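Chemist: What follows is the residue order along each chain.
Protein chains: 2
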Amino acid sequence: MTFSSKLIEKAVEAFASLPGIGRKTALRLVLHLLKQDSSTTEQFASALVAMRAGIRECSRCYNLADEAVCHICADARRDRSLVCVVENIRDLMAIEDTGQYRGLYHVLGGIISPIDGIGPGDLNIEALADRVKEGDIREVIMAISPTIEGETTIYYLSKKLQPLGVQVSAIARGVSFGGDLEYADELTLGRSIVARTPYATK
Amino acid sequence: MTFSSKLIEKAVEAFASLPGIGRKTALRLVLHLLKQDSSTTEQFASALVAMRAGIRECSRCYNLADEAVCHICADARRDRSLVCVVENIRDLMAIEDTGQYRGLYHVLGGIISPIDGIGPGDLNIEALADRVKEGDIREVIMAISPTIEGETTIYYLSKKLQPLGVQVSAIARGVSFGGDLEYADELTLGRSIVARTPYATK
Chain A
1 MTFSSKLIEK AVEAFASLPG IGRKTALRLV LHLLKQDSST TEQFASALVA
51 MRAGIRECSR CYNLADEAVC HICADARRDR SLVCVVENIR DLMAIEDTGQ
101 YRGLYHVLGG IISPIDGIGP GDLNIEALAD RVKEGDIREV IMAISPTIEG
151 ETTIYYLSKK LQPLGVQVSA IARGVSFGGD LEYADELTLG RSIVARTPYA
201 TK
Chain B
1 MTFSSKLIEK AVEAFASLPG IGRKTALRLV LHLLKQDSST TEQFASALVA
51 MRAGIRECSR CYNLADEAVC HICADARRDR SLVCVVENIR DLMAIEDTGQ
101 YRGLYHVLGG IISPIDGIGP GDLNIEALAD RVKEGDIREV IMAISPTIEG
151 ETTIYYLSKK LQPLGVQVSA IARGVSFGGD LEYADELTLG RSIVARTPYA
201 TK
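Each protein sequence line maps, in turn, to chains A and B.
For the first sequence, position 13 (counting from the first letter as 1) is numbered 13 according to the working numbering, and the numbering increases by one without interruption.
For the second sequence, position 46 (counting from the first letter as 1) is numbered 46 according to the working numbering, and the numbering increases by one without interruption.
Next comes chain A alone, as it looks inside the complex (with noise of 0.2 Å):
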């Protein structure tokens, strides 16, 4: 790709140093730019900027948050004593949206993967623990992948908790609801024969 201006290939490597944007789409987008408002640019890099500056992580819950804690640890209407770990932020987001749940959350920042070199000391695991230690916390659920990485955080978590007195459970697994069993990989289709719960008329 030729460009006839140093300002405009430069704006494109920087969209194309974001993932998932290569040099076309990263053209586009300086295109559009160009052809809104220059305050349409400066507004949409200085909402960037003052997110990349101003963001802080809650101290109760490793959310991100506007304030020292998070919206949800602050809501008197939740329940404080239930506990959702998750792995990262967009994961919470997800259970939020469920509407499902009306707990607090633990974001654990990652999950154990010595392939990746992350060890429990990488993660918001000590945190956890004085949480459930303030003696509050009736219920830790576990919301974390079931990989392998995802079960081996898992037990890590419940051998840390379980001595504290809390329950540690952990979100069903099983088919989807709404999927195909025909298309339901075998190990899932497996556990979920073992792991079948009586059925409840209502």
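Treat the hints as calculated values from the structure; they're not laboratory data.
Everything numeric in this text was worked out from a predicted model, so none of it was measured.
One or more hints might be untrue.
[What the hints assert, rightly or not] Non-contacting residues of chain B with respect to chain A, defined by C-beta distances greater than 10 Å in every case (computed):
hint, residue
1, Asn63
2, Arg78
3, Arg90
4, Pro120
5, Lys159
6, Gln162
7, Val168
8, Arg173
9, Glu186
[As the list claims (entries may be wrong)] Derived Cβ-Cβ restraints for the label pairs, each shown as a range:
hint, chain 1, residue 1, chain 2, residue 2, range
10, B, Asn88, A, Arg102, 44 to 54 Å
11, A, Arg102, B, Gly110, 18 to 28 Å
12, B, Asp136, A, Glu13, 46 to 56 Å
13, B, Glu139, A, Asp97, 23 to 33 Å
14, A, Asp130, B, Gln36, 42 to 52 Å
15, B, Glu151, A, Glu67, 56 to 66 Å
16, B, Thr2, A, Gly165, 26 to 36 Å
17, A, Leu189, B, Gly174, 52 to 62 Å
18, B, Ala184, A, Glu13, 56 to 66 Å
Glycine is no exception: its CB is placed at the ideal position from the N, C-alpha and C atoms.
Fit chain B to the known structure of chain A by using the hints.
Modeler: Okay, now just chain B, sitting in the frame of chain A:
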């Protein structure tokens, strides 16, 4: 999508206002920036602002440029008797990338499209006529997409330029190199038979 932070929400909305970027992708980009140093975000933002503030149109050909005259118009090695007319800078870059053309350009800034309310007066057509009137240009090549609006534009331009004593040509149309005939559209295939060229053995 529920955001735990107004700052993140604004940054996501900023990304999602760009064409082809949805809210999920926008969130992924924002979380990517959060993982990097804050200097990354600052450099990203300043590259865009500098680009938007510093860019201008070449006073000769309306290509985007850092200077008053773009690097193509300023290049003494290029053939000044040839002008290639393109709809926009993206088409210009595509032709430059072929490495097959060494003349100058003229960027129209769009094509005549009554349905979108774009008439000849909205495009850089008078400036093209003025360039032709200067007398140095021998041939004007229409490199405009072969759509209905494109053909209208080409017709309008030739009616305007031919009386000025300049040769007007259009880029060759036909089946693509490397393309399978059975997948070529009917119109292109039909016209490529009518407009067949003598086969030259080198």
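Chemist: Are the hints correct? Go through all of them and say.
Modeler: Here's how the hints hold up against the structure:
1. Asn63: violated, 5 Å
2. Arg78: Holds, since 13 Å exceeds 10 Å.
3. Arg90: violated, 7 Å
4. Pro120: holds, 20 Å
5. Lys159: Consistent with the label, lysine 159 of chain B stays out of reach of chain A, its closest Cβ about 29 Å off (over 10 Å).
6. Gln162: About 29 Å separates glutamine 162 of chain B from the closest Cβ of chain A, which puts it past 10 Å; holds.
7. Val168: Per Cβ check, valine 168 of chain B is outside 10 Å of chain A; nearest 25 Å; holds.
8. Arg173: holds, 24 Å
9. Glu186: Correct as stated: the minimum Cβ-Cβ distance to chain A is 29 Å, above 10 Å.
10. B/Asn88 with A/Arg102: 44 to 54 Å: holds, 52 Å
11. A/Arg102 with B/Gly110: 18 to 28 Å: violated, 54 Å
12. B/Asp136 with A/Glu13: 46 to 56 Å: At roughly 36 Å between Cβ atoms, glutamate 13 of chain A and aspartate 136 of chain B fall outside 46 to 56 Å, so the hint is violated.
13. B/Glu139 with A/Asp97: 23 to 33 Å: Violated - the Cβ-Cβ distance for glutamate 139 of chain B and aspartate 97 of chain A, about 60 Å, lies outside 23 to 33 Å.
14. A/Asp130 with B/Gln36: 42 to 52 Å: violated, 29 Å
15. B/Glu151 with A/Glu67: 56 to 66 Å: holds, 60 Å
16. B/Thr2 with A/Gly165: 26 to 36 Å: Given about 32 Å between the Cβ atoms, the range holds.
17. A/Leu189 with B/Gly174: 52 to 62 Å: Holds: the Cβ-Cβ distance is about 54 Å, inside 52 to 62 Å.
18. B/Ala184 with A/Glu13: 56 to 66 Å: violated, 37 Å
Hints 1, 3, 11, 12, 13, 14 and 18, counting from the list given before, are not met by this structure.
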